[in-house]
Amino acid sequence: MNRRWYSYPYIVWALIFIVVPLIVVLVYGITVQGPDGSLNISFANFKRFFTPVYLGVLGRSVLYAAISTFICLIIGYPAALILTSKNLKHKSVMMLLIVIPMWMNLLLRTYSWLTLLENEGLINQFLRFIGVIEQDGYIQFLYGKGAVIFGMVYNFLPFMILPIHSVVSKMDYSIIEAAEDLGAGKVNVFRKVIFPLSIPGISSGITMVFVPAITTFAISSILSGNNVNLLGNVIEKQFGVGGDWNFGSTMSLILMVMILVSLLFMPDSEKESQGGMML
Amino acid sequence: MSNAIIKLENISKSFGEEDILENFSVEIARHEFVTILGPSGCGKTTTLRLIGGFELPDSGRILFDGEDITSLPPYKRRLNTVFQKYALFPHMNVFDNVAFGLSIKKVDKKIMKEKVSDVLKLVNLKGFENRNISSLSGGQQQRIAIARALVNEPEVLLLDEPLGALDLKLRQEMQLELKKIQTKLGITFIYVTHDQEEALTMSDEIIVMNDGQIQQKGTPVDIYNEPKNAFVAGFIGESNIIDGIMKKDLLVQFAGQDFVCLDSGFDENELVDVVIRPEDIKFDKENGRIKGTVQSVVFKGVHYEMHIRAENFDWIVHSTAMEPEGSTVFLDLYPNDIHIMRKVAEE
Amino acid sequence: MSNAIIKLENISKSFGEEDILENFSVEIARHEFVTILGPSGCGKTTTLRLIGGFELPDSGRILFDGEDITSLPPYKRRLNTVFQKYALFPHMNVFDNVAFGLSIKKVDKKIMKEKVSDVLKLVNLKGFENRNISSLSGGQQQRIAIARALVNEPEVLLLDEPLGALDLKLRQEMQLELKKIQTKLGITFIYVTHDQEEALTMSDEIIVMNDGQIQQKGTPVDIYNEPKNAFVAGFIGESNIIDGIMKKDLLVQFAGQDFVCLDSGFDENELVDVVIRPEDIKFDKENGRIKGTVQSVVFKGVHYEMHIRAENFDWIVHSTAMEPEGSTVFLDLYPNDIHIMRKVAEE
Amino acid sequence: MKDKLSKLYLYLVFIFLYAPIIILMIYSFNESKYRVWTGFSLKWYIELFHNRQIMDALYNTIFVAVIASILSTIIGTAAAIGIDGLKKWQKSTVMNVTMLPVLNPDIVTGISLMLLFYIGKLPTGRFTLILAHMSFCIPYVILSVMPKLKQVNAGTYEAALDLGATPALATVKVTLPEIMPGVINGLLMAFTLSIDDFIVSYFTTGPGVENLSILIYNAAKKGVSPSINALSALMFAVILVLLIIINARTNKNAAKA
Amino acid sequence: GCGGDPKKVVKVYNAAEYIAEGVIEEFEKETGYKVVYSEFASNEDMYTKIKTTSYDVLVPSDYMIDKLVKEDLIQPLNYDNIPNYQYIDETFKSPYYDENDQYSVPYMWSTVGILYDGDKVTDEVDDMSIMWNEKYSGKIFMLDSVRDTMGMTLKKLGFSVNTENDSELAQAKEELLKQRPLILGYVTDEVKDKIISGEGYLGLVYSGEAGKAMEEKDSLKYAIPNNGTIYCVDAMVVPKSAENKDGAEAFINFMQRPDIAARNAQETCYGITNTQGRDQLPDEVKNNKGLYPDNDVLERSEMLQSEGNINQKYLEIWNEITASH
Ligand SMILES: Nc1ncnc2c1ncn2[C@@H]1O[C@H](COP(=O)(O)OP(=O)(O)OP(=O)(O)O)[C@@H](O)[C@H]1O
Ligand SMILES: Nc1ncnc2c1ncn2[C@@H]1O[C@H](COP(=O)(O)OP(=O)(O)OP(=O)(O)O)[C@@H](O)[C@H]1O
Ligand SMILES: NCCCCNCCCN
Ligand SMILES: [Mg+2]
Ligand SMILES: [Mg+2]
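Chains as they are written, first to last, in the numbering used here: chain A, 1 to 279; chain B, 1 to 347; chain C, 1 to 347; chain D, 1 to 257; chain E, 1 to 325.
In isolation and in its complexed conformation, chain A is listed as follows (with noise of 0.2 Å):
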């Protein structure tokens, strides 16, 4: 009866695709390249990496990350919230009309910005023009971390609204009743009942906007010029001009070990609810 099996494919393919790429990483991680191209145990990249530079890149990673991700969850969540009220029409178009923006290259959608964005662009333009600001002023949107963290939401905003989405929606509309019925105005239902039980929703959004945006590279690079550098940027330069694998490795095992350990706190039934965000 058991169907067990129909996974050893997939567990053999695990082996080979996740874990052994892993086992290399986790190789270069914790060695450094000798001169003849050998590799050495060492964890010098370890202590590297715990310098005041990069602390200070990861300490700003980490703070981008989460100031995007809280404003991803306060334009996500009544977004979701609206998204599944009854009087809605057409609920199931606008879900869609949420999830297509990731269908297009992120890159494109994030130049795209800069003609709206920059010194010079439309948006200033239109200040300029309707007499909001004087003619060669401008408000400069871009060029600092306000732009990395405005990219961010942007990017990953749908990640926060889907799962949100998704908790909500399968709620027992008739618990929202039994609070009313027991007395509970709009704001003791939402604050008791409905956010209570939107939060493995919340937490599922939260993974899923903070992990990309703690490794993003391609939009602090574009929207800030590269004034933001973040861990992603670091560990991209590594294994690109700096060409230190090694070094790249370890900083990659260290996010990958904070995720992995926010990854304990969260519980099975929550990953495996993040599948069905999609549609």
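Treat the hints with caution; some may be incorrect.
[Unchecked claim] Here are the simulated EDC-like pairs of lysine to aspartate or glutamate, each with C-alpha atoms no more than 16 Å apart in a straight line:
no. : chain 1 : residue 1 : chain 2 : residue 2
1   : D       : Lys150    : D       : Glu178
2   : C       : Lys291    : C       : Asp258
3   : B       : Lys300    : C       : Asp108
4   : C       : Lys300    : B       : Asp195
5   : C       : Lys113    : C       : Asp96
6   : A       : Lys192    : B       : Asp96
7   : A       : Lys86     : A       : Glu177
8   : B       : Lys76     : B       : Asp65
9   : C       : Lys179    : B       : Glu325
10  : D       : Lys33     : E       : Glu267
11  : C       : Lys300    : B       : Asp204
12  : E       : Lys34     : D       : Asp56
Worth flagging that the hints you see were computed from the coordinates, not collected in a lab.
Given chain A, put chains B, C, D and E with the ligands in place with the hints provided.
Chains B, C, D and E with the ligands in isolation, oriented as in the chain A frame:
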């Protein structure tokens, strides 16, 4: 009538094209256990949701203690509901579920604790305060749902098929318990079910509904013994319902025979429904006027149930005496076991 | 016994630490309607799943027609199952559901069509071929599940609480229908339920189970009238079970009185369970030897149920005559309504 | 009033999500190669169809996405069904491993796979590209199918066995149709991820096999050809139309049921 | 004359947008070889890639060729098969990365310089210090390329672009930190967009990109700092793992046919290395002092080298600079 705690006046309610209730009026007396009984889809839940404030009527008024509450939101009504599927808060433990209403009212912590503990004792779940909702059995969850409503000391408690999901044994226990609680606290219960036995067992008054209309309202005994029409008769307990002709007052013809009965006030030769309970049919070898053949015999514990074919009608007969399958039997009826009912126009 | 179509021999089965069945043996006779009856969790479904091949026993053998099928996979067994929750295929219409087994066997299209149409007629759902499963009511779905099994002409049909989810009215109708089908086709039915009335109504033979063990096996009448122990007595129908002392053969003492009974073969002064059905207790103002006070009266339709306190025992009495709450009454019993049972060691 | 406010809020969110996409579509009609508007022109659309590099990349992108997403869906669906039958600790282990590629930075996935292919002496090319895409697509398929599998009635599978279907047949005829929505969702998700992937592709592809993302990223520094914008605009329009059609059809089916 | 095996494939790995349209097709038609053409975004990406993949022709930059030679990843060429080598400008022969002219054939070359809008920048642009001029605060872009931006700063300070002297590097870092408030960002070739649109007035760019930008807008100009710059030669090499060396050499030869070299140079705006080809360029191109500076400028300039850990060292400093934001 000042004794009515809830009054529905000319309520109409439709969903889209479908009219669920039309010009529906009813009064619920204070302190009574009133059951709304009817087949699936007849509008029972809708009626309860109107009273609870979860639906607004299209027209008509709802009075609570004489005061118009038609458009009051649910959280301002002095009544509570026990939902069909419990609707317990899955993220709270038993204590927090039960204390929910009190915490909304910002009742003092100590008093809250006492009240919760008292009401849990009432539903026989003392000491369950810290249990997780999902660790409770169906019957226990149901009792928590009841406790959660009761702790607010509502004047009226609405219960929508609260026992529907439980198995027979548990259902019977809970019926007794609910009845006890109602008697003890003197709260008005409005109880919805489609289980006839349950309605008979628990109610002070039964409202039989069909198709959004009240068929009959009365005590269990009234309704069982004096059903107003064939629908009520058929719905409350098993019945033989046979076409008859009212020859004159106190005389009815059916099954090819004339029978003396206790009913009068019909037109001469009016076509009527004759309703006879299976347990009221007697076997009488000598005088029995209806001759039939036993088609099947089923042992039911207390009695045997026999299907007996006589001319064109299949009689259901309950009796402690068993007549073997295939045998020929003679049936008879006493006048007071024959119930005559006007035919309903439609259906 | 060559008449046994299915034999379980010393079956043991446990899940993890929990022993569900221990050394369980039973024989099911060919062409019979056999019901396994017992409280929730006693191992009924497990027994059925072992027979169906969905579980393997830890030890013991299962014989089908004398042949060992203990480790045969389900799809090779010559029996079919009607599952508790129907388990219809939601993505197929009625025809495809019913034809599933035949299509697996690659039966000719034309024959398939005929067989499906025949079996649909049998369950009274002629013409439903193209209906969507989700558009059917619960009762109709249940009948499709039965048709889906029957169309394969199994020698044995396993049914796991097939009517559990239906409401009273529908359940009663379906009971009759199932019994009819079984009689007509002569298939062996192994029917699981925890509803005592259902078991009595339908079965040729009832196996009462508790805690993974057979308590009694016999015809409905045997089991109802001659329960072997207090568990069976209590489980089959409501019963008054009171402690008694067997003074000598044919004389038992309980409720402070000596009663003549029909039982013998007990030790002198042996402690026994005395079982009395609520409907067997008579009111007798003059000669009644048990004096009590009516605690509550509930109208049950056919009869009234009264709880009567007499000394230290609460009697449940069913009677068509009603004695008002609070009144003093005298009860009596005929010798053949007194059932004496050996006390069971545990519980 | 409240309804209006929430709708307004939703529209603002949509404006936020679509602003750059609309700009991109508008600028695909710009005469200039650069982000200054110099006039309306269809020349990038015309050039698009003559640009062998873009057309090859489009072909590679779609070919790899189709193959990888189909294979991922097959392996992932089977895996999900199998994982469902594993013991609790095994299930939990496998699911944790499955989460890794989802949470791993792409660059790490890309380089480690590249090294794997190197060690395994697999010449890089379309084949390795497909393998690499499968390695990040399969987990998403599994994650998409798992919840559906939880919802389906375990009884139907046993019912099929009971009616004489072998386990394989029962899975195909009964379980699979029931979890189909999850499978399709997984397929779409795999397809999307594959189409959009750059970094993993970059490191795992071989000579002459570029997909659109590689093209875009390589060219990004020099200025993305407006033909790519034109292509994106076209693809976007096609996706939008397809989705609306699919949505209308499923709505109709839902209404029927 | 050089008809190879018609079925044979030549796998070429070149930087993005670094060849004229139609050249590959012409080569295929003339020689019968089939070209499998791939592009990379940076030398480092290419370096990573070739460790696991075999190509026949690579077009890396000078410092990368140096690395490839030292790591024994490329092979000597048979110059008999590359007769067009004769047209290579002597300036580009015997470079430091291939002193004996064994491994490489130069493809094109470029300088790092300042692209600016002549209408907006009124001061004379002849020195890196313009990039530190507060007058243009908020209108300056530097290159997102560690070695180029550091190198140009070192050059401004009068140091070598390849210095490993800690104190010199520290001064450069200070200089860049001082500059940070004035600049909008570190970008790569998208600086073209920025200067064309007026977002910035001054940007550090590669000469080829400047050339393309100037074609778009007349007021744009390109200047090379007086005290020298970084110049870069991209050359064609054949890796050890090549499977079709003959085809590779045929391709290299074809690329240095004067007309082809001219076409490539004209379309990409990068500097031609082919003397005959240079003559075929239009006057306004070949006389552009920006793209083709006088020799004395080149003499004051340097090529980047990647000895040992130098890239790591620079990157560490870069991380410190960007960490300050
Ligand atoms: N929100 C709604 N929208 C549309 N129709 C509804 C809605 N609620 C109820 N109905 C319809 O109104 C009718 C009465 O429903 P109601 O729930 O009151 O029946 P009920 O008597 O409670 O039945 P049951 O015993 O099955 O619970 C049904 O036909 C039902 O389909
Ligand atoms: N797969 C299983 N794993 C662990 N325990 C099980 C499993 N299946 C059944 N059990 C346990 O075995 C016992 C008997 O279960 P079974 O389903 O046979 O009871 P049942 O008599 O059919 O009860 P019900 O009337 O509630 O259906 C129960 O305690 C149940 O919890
Ligand atoms: N476009 C990338 C698809 C690869 C999936 N991996 C997701 C990892 C997120 N950092
Ligand atoms: Mg209802
Ligand atoms: Mg069971």
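Tell me the hint numbers this structure goes against, listed in increasing order. 3
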